[in-house]
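Chemist: Those sequence lines, one after another, are chains H and F.
Just so you know, the numbering used here puts 78 at position 78 of the first sequence, and the rest follows in order with no gaps.
Just so you know, the numbering used here puts 317 at position 317 of the second sequence, and the rest follows in order with no gaps.
Worth flagging that the hints you see were computed from the coordinates, not collected in a lab.
Certain hints may be false.
[Stated by the list, open to error] Once the Cα atoms are required to be at most 27 Å apart in a straight line, the calculated DSSO-like pairs of lysine-lysine come out as:
1) H:K135 with H:K92
2) H:K135 with H:K148
3) H:K205 with H:K148
4) F:K73 with F:K31
5) F:K24 with F:K73
6) H:K205 with F:K266
7) H:K20 with H:K307
8) H:K270 with F:K266
9) H:K270 with F:K254
10) F:K266 with H:K208
11) H:K208 with H:K270
12) H:K128 with H:K148
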Amino acid sequence: MTTSTTENTSPVVLQVDGLKTYFETRWGTVRAVDGVSFDLRRGETLGIVGESGSGKSVTMLSLMRLIPEPPGRIVDGQILLEGQDLVQLSDKEMSEIRGSQIALIIQDPMTSLNPVFSIGNQVGEAIKIHQDIPKRTVVQQVLDVLRKVNIPAAETRVRDYPHQMSGGMRQRVVGAIGISCEPIVLIADEPTTSLDVTIQAQYLKLLKELQEASNIGLIFITHDFGIVAKMCDRVAVMYAGRIVEMGDVRDIFNHPSHPYTEALLSSVPKLEEDVDRLYSIEGQPPTLHDLPPGCPFAPRCQYVMDKCLETYPSQFDVSDSHYAACWRLE
Amino acid sequence: MTTLEANPMTQTTSEVLLEASGLKKHFPVTKGLLISKVTGWIKAVDGVSFQIRAGETLGIVGESGCGKSTTAKMLLQLEEPTEGTIRYQGDEIHNATAEQRRAYRSSVQAVFQDPWSSLNPRMRVRDLIAEPMVINLNLSRREMQDRVAKLLNDVGLSSYHANLYPHEFSGGQRQRLAIARALSVEPRVIVLDEPVSALDVSIRAQIMNLLMDLQNEYNVSYLLIAHHLATVRYMCDWVAVMYLGQIVEYGPTKELFDNASHPYTKALMNAALPSHPDIEQEEMILTGEVPSPLNPPEGCRFHPRCPFVMDRCSRDIPQVTELEPGHVVSCHLY
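One chain only, chain H, in its complex shape (with noise of 0.2 Å):
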């Protein structure tokens, strides 16, 4: 695997290698994800981008460890946060770390929040649980959280619950608790989805200020190139629970080398711009658990080979820093 060399030196915090994640269905086993390798470097943001069933919402659950079991399972590969294995973590061990290390920004700011607890008390959770601190202090802190996601009149509206927030402000006590025991890994599982797009915005630049405040890995899940684009520093392409592409992100854009990506950019419309007519990626996302022997995408790809139906194809370097999973770079 390549990692980034160029611009960001500062030290690996998260190091994913063949990961593995398998639900048993009475359809069969449904690979979710099937061998995801990554690292991710303090201060650095990394894009996972990928449709639904791509398996990147699997990957995020996995890291934070909490795929159900059963069905699911992670059946192999490491995930090491500053060299230690998650995997490996009995429950307990791994509750102490979760929130603490390692913290989650949920899509959707209407059911991740408890609708019968107060905002503070929320944030206050997290805090609580990782800390051994005295009451009076945790107050403190949650106040200082709130101001740091721009919630204006944090005094009072500490008191205040879900329903008396707007979406976006709701989404700002989300990020709060995300950050609120100052984690060196922040999962962001598309946090602007629904949200305005003036809102989205504010968000984002948020989410930046935070990041580089802190020196935190920041981990972006989308189904947006928009996002990557305007975020990311890193991209990897998921499809059909493997990474098919990862690089740079301009390289990404510059020369998409797997033809999925090649056909996702091309499909999105742009708004700098006029476009005739949009290219199309025929038929749907495969189902996981009946997956065809050779490249998924291989039904949908514009540039099928023989091989392609066969074999999964071997990840091939494009640049030190890219690298596409396509028969075409052999």
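Since chain H is already given, all that's left is putting chain F on it; use the hints.
Modeler: Relative to the frame of chain H, chain F by itself:
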């Protein structure tokens, strides 16, 4: 069909199908359960005028709460306007006879955002698609069957799909079904309320291209409600930008995107995500959120968030100014 490059003067030649003028919808806010009292009015739509021309697409963009869906509902006669008129081919629909209203309802159809909830799960596809025809057209069983098969073909499905139920389809296919259903009574206008935003990225282009092909084939006009600006740029001939129940800027797509004039339109475009990491965007991030339509700001409704706010903005309601033929803006800057 006119292309995006066509200049606005030539565009105005096609026939105006649907015209809304001064459309308002105010919802009462009531207090008390048994003896309820009106304590205020939510001005969801407050004086909106636009035209939809034959074979063209008008896009309405804006954030949640700007009144774009309420406007669509009024066109579909799902809401009665508080004030203002809707004219269809020159006739006002509110004074129309029951017969004319029926005809209007079948010539204005809708496709909604979420194909998981807009199709009845207990009906087979053939009944779903035939339902509007059963109500509005007098066809024999045989003709009906043929029409369903043709519609399925036109939207990229096969005639054997007619026997299946909606749950057997993926999101993109369901949206195709919803489109076939809307087309079944040969409408002149289809209201598309966020037709692709619930779909996967790789499916969106399929549906957008399908809609544009069908527009040519059936010569139907679209009213596209969307929040994604790039989608609007791709699909629309005309764009109206709405903020708090009013249209702040309106014009031909290319002109509006190249010379966005209202500060809100500019802010929306700057807030939209870039299509390439090297595209430098101006920093113009709006502060605050959309105020409540219960108590909209005095003067220009955008002034509390506007970076170019002047004294008169909080006092006077801006007049509509025509910058280029067809391109109008309501802002004191012009």
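Chemist: When the hints from earlier in the document are held up against this structure, which numbers fail?
Modeler: none
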